[in-house]
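A.B. asks: Sequence:
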Amino acid sequence: PHQKIAQSAQAKYKQTKEQALTFFQEHPQYMRSKEDEEQLMTEFKKVLLEPGSKNLSIYQTLLAAHERLQAL
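For what it's worth, the working numbering labels the leading residue of the sequence shown as 1, then goes sequentially.
In case anyone wonders, no lab produced these hints; they're calculated from the structure. Keep in mind it's a predicted model, so treat the numbers as computed, not measured. Mixed in with the good hints, there may be bad ones.
Unchecked claim - Label-pair distances were calculated between CB atoms; the ranges are:
no. : residue 1 : residue 2 : range
1   : Lys34     : Gln70     : 16 to 22 Å
2   : Ala9      : Arg32     : 27 to 33 Å
3   : Ser8      : Leu72     : 33 to 39 Å
4   : Pro51     : Tyr13     : 21 to 27 Å
5   : Lys46     : Gln15     : 28 to 34 Å
6   : Gln3      : Leu48     : 15 to 21 Å
7   : Leu21     : Lys45     : 15 to 21 Å
Backbone N, C-alpha and C define an ideal beta-carbon position, used for all residues, glycine too.
Please construct the entire structure, taking both the sequences and the accompanying hints into account.
C.D. replies: Structure representation (structure tokens):
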């Protein structure tokens, strides 16, 4: 059972990493500007604290943070 949990965690980590990479490839401005990246991370943390955000993937959470910044 322990090995299955480890494999599951590893698969989840890989999926999370791939989703984050996809987001940053689609929105390269955050890779170019430290200030923009910091603003994104601030919004990202706010999204994570909201009820219902537990069901969001890392990609969806980053996208929600990005959309909030666009709306400012």
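A.B. asks: All the hints need checking, so say for each whether the structure fits it.
C.D. replies: Verification of the supplied hints:
1. Lys34 to Gln70: 16 to 22 Å: holds (19 Å)
2. Ala9 to Arg32: 27 to 33 Å: holds (32 Å)
3. Ser8 to Leu72: 33 to 39 Å: Because 38 Å falls inside the window, the suggested range holds.
4. Pro51 to Tyr13: 21 to 27 Å: holds (25 Å)
5. Lys46 to Gln15: 28 to 34 Å: violated (23 Å)
6. Gln3 to Leu48: 15 to 21 Å: Taking Cβ atoms as reference, Gln3 and Leu48 lie about 30 Å apart, which means the hint is violated.
7. Leu21 to Lys45: 15 to 21 Å: Hint holds: Cβ distance 20 Å, inside 15 to 21 Å.
Hint compliance for this structure: hints 5, 6 are broken, all remaining hints hold.
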